[in-house]
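Take these sequences, add in the hints, and give me the full structure.
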Amino acid sequence: MGKYNRILVAVDGSEEADRAFNEAVELAIKYESVLGIVSVVDVRSFSPSISFEGSIEDQEQQNLKEKVMELAQNAKAKGVKEIRYYIESGNPKTLIAIDIPAEFQADLIVVGATGLNRIEKLLVGSVSTFVTRQARCDTLIVR
Numbered sequence: 001m002g003k004y005n006r007i008l009v010a011v012d013g014s015e016e017a018d019r020a021f022n023e024a025v026e027l028a029i030k031y032e033s034v035l036g037i038v039s040v041v042d043v044r045s046f047s048p049s050i051s052f053e054g055s056i057e058d059q060e061q062q063n064l065k066e067k068v069m070e071l072a073q074n075a076k077a078k079g080v081k082e083i084r085y086y087i088e089s090g091n092p093k094t095l096i097a098i099d100i101p102a103e104f105q106a107d108l109i110v111v112g113a114t115g116l117n118r119i120e121k122l123l124v125g126s127v128s129t130f131v132t133r134q135a136r137c138d139t140l141i142v143r
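Residue numbers (full-length UniProt numbering): 1 to 143.
No wet-lab data here; the hints were simulated from the structure. Note that the structure is a prediction, hence the values are computed from the model and not measured.
Simulated DEER-style distance windows between Cβ atoms: (1) G13 <-> Q134: 19 to 27 Å; (2) E32 <-> E57: 30 to 38 Å; (3) D18 <-> Q61: 13 to 21 Å; (4) E57 <-> I29: 32 to 40 Å; (5) K3 <-> S55: 42 to 50 Å; (6) N63 <-> D138: 23 to 31 Å; (7) Q59 <-> S14: 15 to 23 Å; (8) A102 <-> K81: 21 to 29 Å; (9) K30 <-> E57: 33 to 41 Å; (10) Y85 <-> V43: 13 to 21 Å; (11) E32 <-> I56: 37 to 45 Å; (12) D58 <-> S14: 20 to 28 Å; (13) E70 <-> I98: 20 to 28 Å.
Here are the simulated DSSO-like cross-link-like pairs (lysine-lysine), alpha carbons at most 27 Å apart as the crow flies: (14) K3 <-> K30; (15) K78 <-> K3; (16) K81 <-> K3; (17) K30 <-> K78; (18) K65 <-> K81; (19) K30 <-> K76; (20) K78 <-> K65; (21) K67 <-> K81; (22) K65 <-> K76; (23) K30 <-> K67; (24) K78 <-> K67; (25) K30 <-> K81.
Even glycine gets a Cβ: it sits at the ideal position worked out from N, Cα and C.
The following block contains the structure:
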């Protein structure tokens, strides 16, 4: 691996995402990189018949923000100097593989091998697989 200046890590609360986060923190410290932390509310999992889904989405975003802020404090305490975070709603695959890395100017994306949504993985493939195929920068899949 070369020197990475901007490392983006995707988190979703799963054990493998936590391992990916720890690996990303170690790399960010080693290379003195900016660390980007991204978490996505998958709005496709909400039923279209729920009239108040905006409030559910807002609550999910708030929960993710709290988790990401906790992770950011953890990374800062370990020595990461600059941290950016992204809490988004939408399709996790395109947001994590394409949209946010472009905005963040990532040169490495770190993701866990599997996340919380195992049913979607069976039906349409995992986010990590999509990231490795579609990302325009290096990727690291952590087990």
